[in-house]
Amino acid sequence: MRRVTRSSGGVVRRLGIALLALPALAFANADVEKNIANAKNWAMQAGDMFNQRYSRLNQINTGNVGKMQVAWTFSTGVLRGHEGSPLVIDGMMYLHSPFPNKVFAIDLDTQKIVWKYEPRQDPAVIPQMCCDTVNRGLAYAEGKVVLQQADSTLIALDAKTGKLLWSTKNGDPKLGAVNTNAPHIFKDKVITGISGGEWGVRGFIAAYNLSDGKLAWKGYSVGPDAEMLMDPGKTMTWTNGAMAPVGKDSSLKTWKGDQWKTGGGTTWGWYSYDKALNLMYYGTGNPSTWNPAQRPGDNKWSMTIFARDVDTGMAKWVYQMTPYDEWDFDGINEMILADITVKGKPTKALVHFDRNGFAYTMDRVTGALLVAEKYDPVVNWATGIDMKTGRPMTVAKYSTARNGPDVNTKGICPAALGTKDQQPAAFDPETKLFYVPTNHVCMDYEPFAVEYTAGQPYVGATLSMYPAPNSHGGMGNYITWDAGTGKIVQSKAEKFSVWSGALNTAGGLSCYGTLEGFLKCVDKKDINKELFKFKTPSGIIGNVFSYEHKGKQYIGVFSGIGGWAGIGMAAGLEKDTDGLGAVGGYRELNQYTELGGSLTVFALPN
Amino acid sequence: MIRKSMLALLVCFAGATAMADEPLYKVVDGNKVDANTLMGFRTWRQAACDRCHGANQEGMVGPSLINSLKVLTKEQFVTAVRDGRLEKGMVSFANSKAVMDNIDNLYAYLKGRSDGAITSAKVVAMDP
Chain A
1 MRRVTRSSGG
11 VVRRLGIALL
21 ALPALAFANA
31 DVEKNIANAK
41 NWAMQAGDMF
51 NQRYSRLNQI
61 NTGNVGKMQV
71 AWTFSTGVLR
81 GHEGSPLVID
91 GMMYLHSPFP
101 NKVFAIDLDT
111 QKIVWKYEPR
121 QDPAVIPQMC
131 CDTVNRGLAY
141 AEGKVVLQQA
151 DSTLIALDAK
161 TGKLLWSTKN
171 GDPKLGAVNT
181 NAPHIFKDKV
191 ITGISGGEWG
201 VRGFIAAYNL
211 SDGKLAWKGY
221 SVGPDAEMLM
231 DPGKTMTWTN
241 GAMAPVGKDS
251 SLKTWKGDQW
261 KTGGGTTWGW
271 YSYDKALNLM
281 YYGTGNPSTW
291 NPAQRPGDNK
301 WSMTIFARDV
311 DTGMAKWVYQ
321 MTPYDEWDFD
331 GINEMILADI
341 TVKGKPTKAL
351 VHFDRNGFAY
361 TMDRVTGALL
371 VAEKYDPVVN
381 WATGIDMKTG
391 RPMTVAKYST
401 ARNGPDVNTK
411 GICPAALGTK
421 DQQPAAFDPE
431 TKLFYVPTNH
441 VCMDYEPFAV
451 EYTAGQPYVG
461 ATLSMYPAPN
471 SHGGMGNYIT
481 WDAGTGKIVQ
491 SKAEKFSVWS
501 GALNTAGGLS
511 CYGTLEGFLK
521 CVDKKDINKE
531 LFKFKTPSGI
541 IGNVFSYEHK
551 GKQYIGVFSG
561 IGGWAGIGMA
571 AGLEKDTDGL
581 GAVGGYRELN
591 QYTELGGSLT
601 VFALPN
Chain B
607 MIRKSMLALL
617 VCFAGATAMA
627 DEPLYKVVDG
637 NKVDANTLMG
647 FRTWRQAACD
657 RCHGANQEGM
667 VGPSLINSLK
677 VLTKEQFVTA
687 VRDGRLEKGM
697 VSFANSKAVM
707 DNIDNLYAYL
717 KGRSDGAITS
727 AKVVAMDP
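For the record, the sequence lines run as chains A and B. For the record, in the first sequence the residue sitting at position 340 is 340 according to the numbering used here, with numbers rising by one throughout. One gets the numbering used here by counting positions in the second sequence from 1 and adding 606 to each.
One should not assume that every hint holds.
Here are the computed lysine-lysine pairs in the DSBU-like style, where the Cα-Cα straight-line distance is at most 30 angstroms [stated by the list, open to error]:
hint, chain 1, residue 1, chain 2, residue 2
1, B, K638, A, K397
2, A, K397, B, K728
3, B, K694, A, K535
Hints were generated in silico from the structure; no laboratory data involved. Please read all numbers here as calculations on a predicted model, not as lab measurements.
Go ahead and model the full structure; you've got the sequences and the hints to work with.
Here it is as structure tokens:
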């Protein structure tokens with residue numbers, strides 16, 4: 001489908017349509033906004049459209065959190081990694097599971113299952129899912145529960161009955177195009193992405209009508225301008241210290257031949273939306289393959305922050321963080337929108353903690369690069385970001401492209417799973433700080449030549465990962481970050497990667513889960529003050545959330561070890577050379593936890 | 607040098623017991639292998655088997671092939687690779703020419719790893 005014309009007339013026509021449609025769309029948005037406005041709900045995966053992960057509830061606070069107890073628990077009956085969190089809307093909880101992607105509606109009065117939905121999916125998608133069969137949760141609006149199934153089918157269920165309302169196919173799982181991301185509802189659209197960067201899938205973001213599931217627009221990450229919904233003269237990017245148009249064929253020019261067709265740039269992260277600007281924000285993943293020698297060029301627009309108009313899909317601005325990736329530093333992590341002071345100036349900011357170890361603060365209106373600093377001091381593949389060009393200043397000895405195929409480049413920090421992966425950070429409007437769950441892991445990376453075969457893995461590198469050397473020995477940190485200056489404020493060492501989404505609350509708390517299975521709540525003004533700790537049934541890779549029911553505040557989290565965190569630690573156990581490193585770390589994780597998916601919900605005693 | 611070649615000979619012999627006449631794989635110094643076994647290693651990498659079975663075949667989200675190859679017959683191995691074990695997350699490689707054309711080489715390489723004769727996952731060509 002061609003939706004973009006180069007003539008200005010086309011743009012004007014589209015704008016006209018958007019303007020005409022606005023009054024109706026405002027209502028569509030209103031339901032989600034109303035649900036978010038009620039602090040008793042947890043109406044979106046991040047609690048709001050800004051991805052802030054902040055709860056305004058304050059019944060559980062720094063003074064009483066120590067007395068918090070388990071209120072109730074629920075088993076999903078699924079063993080694999082449990083990411084994301086349930087939603088709570090008006091006394092009903094909507095819960096998802098990893099593959100087979102069950103959906104439960106639970107009445108919070110009785111904790112009784114009101115309905116359950118289990119899609120029928122070809123088990124052939126299981127082996128196609130990189131890094132475990134996770135699913136990052138549901139979306140809700142206007143009485144519809146939206147599920148993005150693993151096999152790429154996007155469905156809407158009647159929130160009252162669980163009846164299927166519509167179903168649409170988002171990708172071809174036979175080619176490795178599967179899904180793990182949560183769908184996001186912005187305005188009258190359901191926004192979803194695609195996974196499969198390790199299968200040569202060409203990434204895109206797609207918007208479907210919430211009303212009927214029909215495709216409204218689809219913007220690819222790489223390829224011809226028209227298919228990327230990019231206007232060469234109007235889509236802007238950071239160039240030589242200022243914003244400038246991307247120009248014609250900005251992606252095609254940066255790929256050798258047809259390689260963009262299997263070029264990756266998948267989109268499986270968390271998206272955000274600014275109503276005032278009508279822009280949605282997300283990041284694109286690694287270029288395929290992991291062997292850089294096979295794909296010379298910047299591989300635009302993989303590894304990129306995108307801002308798109310929600311009505312038309314047109315790209316307003318883009319910023320590529322890691323041109324010509326040599327380390328699998330997917331750029332898909334969440335885009336957090338916050339109005340903060342940046343270098344002394346009040347700013348409508350977008351803050352992004354990238355896998356590559358740099359945290360970026362952008363002007364979310366214009367796309368200008370404001371701050372880019374390391375959020376783990378061990379990051380070594382680049383010395384910094386050149387603020388004029390926006391490009392990383394790479395270090396030759398850690399360049400897997402320079403060292404070439406079949407050479408093992410050692411000691412790269414961070415590892416491919418990044419200083420942070422998808423586990424989302426929180427922003428606290430009171431402290432104005434970001435609370436970031438991080439990995440503290442380095443790697444050896446050996447690329448090698450691979451051939452593309454449709455529907456087969458297309459990876460091209462062998463990795464081994466281990467705790468950051470010469471540090472505290474642990475594989476994670478929980479940090480607070482000042483995005484206005486680009487500085488770590490506090491850092492709390494963790495034994496394992498912190499692979500759980502953070503939650504901050506008006507009760508002064510910052511809560512996160514650990515891979516051993518602990519839910520921890522710390523004082524948000526001093527994160528080294530651990531105020532609460534409880535061991536859930538399995539390792540936590542889910543996101544902490546909070547809701548209120550019948551006058552009582554609850555804090556909950558999925559446990560269920562898995563994901564890349566669970567398996568990634570076992571990657572490349574070099575028995576003879578590694579000594580204690582990853583072997584020790586992983587074996588120790590086995591002493592704490594086993595598979596098993598369940599929800600644990602906490603509250604203060606009566 | 608003499609000790610090394612004796613060791614190589616011993617390993618060849620061990621490999622030969624698995625198959626009737628031709629040795630399944632040849633290995634010197636634990637990591638220098640014959641051309642077919644080297645192709646087996648390259649096939650292992652091309653198919654990204656390490657994603658699930660671990661960079662050293664010791665198992666991860668998928669089982670340890672060091673152990674499995676002690677139990678599976680060659681036929682069972684071929685069936686598992688060709689058809690996959692979808693419920694368990696094992697890919698079907700029937701459509702991968704690279705894998706199917708090299709299934710004997712892949713088996714030889716993994717058997718060598720399982721036997722303990724090939725002592726590191728990464729192997730290189732032995733001197734001609």
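Checked hints:
For the given pair, K638(B) sits about 27 angstroms from K397(A) by alpha-carbon distance, which is consistent with the 30 angstroms threshold. Taking the CA atoms of K397(A) and K728(B), the gap is near 22 angstroms; set against the 30 angstroms cutoff, the hint holds. Using a Cα cut-off of 30 angstroms, the hinted pair K694(B) and K535(A) holds, with the two alpha carbons roughly 29 angstroms apart.
When held up to the earlier numbered hints, the structure conflicts with none and fits them all.
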